[in-house]
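Participant: Here are the chains, one letter per residue:
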Amino acid sequence: MHLLEIVPAVPASGLFSLAWLVIAIPLACAALLIVLGKRSDGWGHLLATVATIASFAIGLLLFVQMLSADEGSRAVSVPLYEWIATGSWSIEAGLLVDQLSILFVLLITGVGALIHIYSIGYMAHDANRRKFFAYLNLFVAAMLILVLADNYLVLFLGWEGVGLASYLLIGFWAHKPSAAAAGVKAFVVNRVGDLGMAMAIFTMLAMFGSSAFADVNAGAPQLSGTWATLLGIMLLVGACAKSAQVPLQSWLLDAMEGPTPVSALIHAATMVTAGVYLVVRSHAIYAMSDVATLAVAIVGTVTLLAGAWIGSSKDDIKKVLAGSTMSQIGYMMLAAGLGPVGAAFAIFHLITHGFFKANMFLGAGSVMHGMNDEVDMRNFGGLAKAMRITFLTFGAGYLAIIGFPFTAGFYSKDHIVEAAFESNTVLGVLALLGAGVTAYYMTRLMVMTFFGARRWKDDAHPHESPLTMTVPLIVLGVLSLVAGLFMNSWIQGWLAPATGGEVHETEVFSLALIPLLTLAVVIVGVAVGWFLHRGDIPRTAPVTKNPLVLAGRSDLYGDALNEYAVVRPVKGLVAGTEAFDHGVVDGLVMGSASMAGGLGSWLRRAQNGYVRTYGLTFVIGVVALAAVVVFGQLV
Amino acid sequence: MITAPTIEWLLLSPLLVLLGGAALGVLVEALVPRASRYLAQVFLASLSIIAALALTITNWVSAEPTIAAMGSIALDRPAYLFWTLLLLFGLGSLALFAERSLGNGQSAFASSAATVPGSPLEREADRLHREHTEIFPLLLFSLFGMLMFAAANDLLTLFVALEVFSLPLYLLCGMARRRRLLSQEAALKYFLLGALSSGFLLYGIAMLYGYSGGFHLHEIADAITAGTGSNSLLLAGIVLVGVGVLFKLGAVPFHSWTPDVYTGAPTPVTAFMAVATKTAAVAALLRVFFVALGGARWDWQPMFAVVAVATMLVGSVIGLVQSDIKRLLAYSSIAHAGFLLVGVVGVVAAGEGVALSSVSSIGFYLLAYGLATLGAFAIVTMVRRSGGEANNISSWRGLGRTNPLAAGLMTLFLLSFAGIPLTGGFVGKLVVFASAWDGGYGWLVLVAVVFSLVAAFFYLKIVVAMWFSEPVEGETAEVGTPSAWTWGVLVVATLGTIILGLVPGGVLDLAGTAGQFIR
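Residue numbers (the UniProt record's numbering), protein chains in the order written: chain A, 1 to 635; chain B, 1 to 519.
Since the hints were derived computationally from the structure, they do not count as laboratory data.
From a predicted model like this one, the values you see are computed outputs, not experimental measurements.
Any given hint could be a false lead.
[Said to hold, decoys possible] Calculated Cβ distances over 12 angstroms to all of chain A for the following chain B residues:
| hint | residue |
| --- | --- |
| 1 | F43 |
| 2 | E134 |
| 3 | Q301 |
| 4 | N392 |
| 5 | L453 |
| 6 | S469 |
[Stated by the list, open to error] Coverage of chain B stretches by chain A, computed from C-beta distances (three or more under 8 angstroms per stretch; other residues unrestricted):
| hint | segment |
| --- | --- |
| 7 | 206–214 |
| 8 | 220–228 |
| 9 | 252–266 |
[Stated by the list, open to error] To give a feel for the contact side, a few chain B residues facing chain A, derived at Cβ under 7 angstroms:
| hint | residue |
| --- | --- |
| 10 | F191 |
| 11 | L235 |
| 12 | P471 |
All C-beta atoms, glycine included, are put in the ideal place defined by N, C-alpha and C.
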């Protein structure tokens, strides 16, 4: 395989040396809103929105300047300061503005700004609106740190930061116990991912003496296969938790407890894609290990099917979309796991998905806004007429996600399916199957929500949302339709220097076998979805013994799996350690005491007994240590 | 003929100032009228510590490393580093000792410790607003012992220093104003177990003397190099001396006193023990095992590795199920003792290709840990209900709503404990783990990383209780308004934790110069 030369970053000058402002503006705004507290209630949401727009404007300027630069000097490094310097290794905190990160900057600040605008309307009646916007800005800043970092340690900082913001925002309505629990769950699952990240970073520091992307990329070719695989797997664990990939997926569905704009921004468009970013960013490591790369592809494929499965069996509109998000990120993961060929496709799909999924989440929010926060699709139906703009923009997202020709998803997803077929027929067939199921569950969602009979509850009076909410919907709807066409022929070449990929010829519409096959599968999916849900839809979910439906409704038993694989062993460990600490040693004392003078008298003097227990622990400890030392002599 | 010993007065002046201050404090107790004793004692104690700190820093900058006091005290750069830490922590603890605003003009200490709890005499003493100003000289005596412990260059000085800093601590533990029975029980337990561990330490010293024929650390090192002594004496000495110091450090399996004593002792004393005792113990551990027993490190490294794993396990796992905040912080301190031991096991000397020597990285870790600990305990003293501290976590629910400042600061300290990036605790863990990695203990580092993530959960439990639970009427605690003393501790701890996380460079460089012990 031929790899393009990696282009080293050039030092920052001019506008680029101000790149830190992109992060600093929302961060300062978040701090301001938190410090000022209620005093900023009146205008806090506006300031936060302006801050995000300002970040977007700077990002856009950087992007334009980068477009006009020649290819060799597009990647720019912006050193900030020396964070940790000790003896032989130093960690510089710096930013890397390159072809990959600038796309993320535009996605995060662009979609972020739209979602800020939308939230002005959506959260209008919430007493804590200012706090909500402060957290949103905090999230934007942390996410920008994550993608702009020039080394893994600073990336990790953003990684923890988005985790914190996500945690705060999922639990934003903490008065709902389910929301608080969901926040905790997200945090706990993500700690598992952090473990992977922390281990990976430590290994890098030990191996390369640095965690900078430049040094890791330069050092990676000298890695032994085992170390490269280990590193790749550790990073994958981190990516799985953040991007809700199997087996660390369970938190994402619960995360829908957060306000809907949060689901759109964090749990669809940006944060959950951080895992894909991480894998693409670490391409040099994955290039050294086929095992790790294959693991990424397998995780992606399993997740894309699992997510689609869950999406097919839920009645809660946000959970269908959450399952769909898992599934689409699975596609990106699969693409990233196909090596340099797929990296650009992964990012392409990530961006188009950012548009159309944010669009659909916001659309779902608009529906909920008009329907008294109802989320059960069985109580929707016939909303197409009542909410015209929401319906049309949602329709655009729908066309994009199922891959209707010339819409955004058509290009980005088809590339992934094709690339999967090229690399491995099994992966290809599964990806194709996923496309069919996607078409099925999205059609189901459309039919149940917007078409058919009105199954509204008596107190529902659906109405179109205010302009602050519909304008972002329209912008995202248009992007869902046209973004793919614009980026299709451009993005591979643009990203190649940053991802080490090679450029494939892509056409606007090809009549090759795979795209036609995909289209056929999608048509079948749409047809089945329409056929099954065209008639009456019962207000309550029918009782079923169908194991597929049951498994899907209970999130494929993700919680049960966690319970058995993680929670119980940890509880056992706690109980065991406690038992050993108190029980075993207590028992020993009990035994000797009863021999010495009877259990009863010992129990009466329990107060003294404790010190004796401690003393005995002490003596046993001495014996144990002596045994360790003696054993050391024998070995 | 007996020659007069040579004493380097100027170099030893920090020790002498502390001892002098403590002795003067006893006189103040006897001669100054009751009404002005508090002021006199606080003034004297803070002046002594600040003067000792100034002298230590002057010596650190100007004096060459040397062995002083006829070979008893080693005044090298690590000694100055640990002295500086100890004096800083001592000053912070002193501020918590001196706090009287929180208890409506009463300190956290018993009005009359000699009275029977609940007796008419006690009520009488309370009514008269009596207080024990002896706590200040006791703090100075203890601090003096700790300084000596950290710099002891022979085993007898080490033993005497251990007793000098322990005895005042036993007393201080039993002097809580509230829940006095618990406090007295804690003091007694600490004393009994401390006596037991002293016995082991002394026995170990005897073994090492039997092995090498000397008490000085370099004599033992020479004997190991020569390899002439009985190996079993050496091994027994290693284990027993190790046990004596590990007890003070609160490492498993010599930790069982920690939760009880930390819970029972007055909170300022708990804070003092958690930071200063730990610092002194690590300093002595490093000196004895690196300088005297460095040649036999293949024998003791596995022992400390096992202890480190057990300590991290017990500290972070049992911490998960605690519901009392002081008990939880006690288990946290056990877990941190484990992380410190990870650094000890590495045995890395400064040099080419090495990030930081073990000594320097541990020094940095202690500073980050100590600041966060002092801050956290300061908050614990502030969170109160019906006159006393509210230590049950259920009382901390919703504190983020009722007092965001206190909850925010506590969150910062807890995040630093958990080693979250941008706090001092993160950089501390990073450098300590890096030095263990450089020392060839990669597996131990992996274990330590896992446990530091497990331990993060129990810190998080408090964060969740504070920010994500509704305040419960009649159960959620009030936050008292402290005086400038506690605020001073909080400001320094907050700034320190943030600075060590954001721009650790300067302090790391400083710790880096602490480099190596001398013999």
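Participant: Counting residues of the segment 206–214 of chain B whose CB is closer than 8 angstroms to a CB in chain A, do you get three or more?
Facilitator: violated (count 0)
Participant: Are there at least three residues in the segment 220–228 of chain B whose beta carbon sits under 8 angstroms from a beta carbon of chain A?
Facilitator: With 0 residues closer than 8 angstroms to chain A, the segment 220–228 of chain B misses the three-residue bar; violated.
Participant: Beyond 12 angstroms from every Cβ of chain A: is that where the Cβ of L453 (chain B) lies?
Facilitator: Non-interface label fails for L453 (chain B): nearest chain A Cβ at 5 angstroms, not farther than 12 angstroms.
Participant: A cut-off of 12 angstroms on Cβ-Cβ distance, and N392 (chain B) was said to be off the interface with chain A. Does that hold?
Facilitator: 19 angstroms, holds
Participant: Going by Cβ atoms, does F43 (chain B) stay more than 12 angstroms from chain A at every point?
Facilitator: Holds, because the least Cβ-Cβ distance between F43 (chain B) and chain A comes to about 37 angstroms, which exceeds 12 angstroms.
Participant: Does the claim that S469 (chain B) lies off the interface hold, with its Cβ farther than 12 angstroms from every Cβ of chain A?
Facilitator: 8 angstroms, violated
Participant: With 7 angstroms as the cut and Cβ atoms as the points, is P471 (chain B) at the interface with chain A?
Facilitator: Violated - the Cβ of P471 (chain B) stays beyond 7 angstroms from chain A, reaching only about 12 angstroms at its closest.
Participant: Do the numbers back the hint for L235 (chain B), that is, is its least Cβ distance to chain A under 7 angstroms?
Facilitator: Given a least distance of 5 angstroms, the restraint on L235 (chain B) holds.
Participant: Does F191 (chain B) meet its interface restraint, that is, does its C-beta lie within less than 7 angstroms of any C-beta in chain A?
Facilitator: 10 angstroms, violated
Participant: Once the closest CB in chain A is found, is it more than 12 angstroms from E134 (chain B)?
Facilitator: E134 (chain B) clear of chain A: closest Cβ-Cβ about 26 angstroms, beyond 12 angstroms.
Participant: Any Cβ of chain A at or closer than 12 angstroms to Q301 (chain B), or is the non-interface label fine?
Facilitator: 9 angstroms, violated
Participant: Between the segment 252–266 of chain B and chain A, see if three or more residues pass the 8 angstroms beta-carbon test, and mark the coverage as holds or violated.
Facilitator: That given contact holds, which follows from 6 residues of the segment 252–266 of chain B lying within Cβ reach (below 8 angstroms) of chain A.
Violated hints, in rising order: 3, 5, 6, 7, 8, 10, 12; the structure is consistent with all others.
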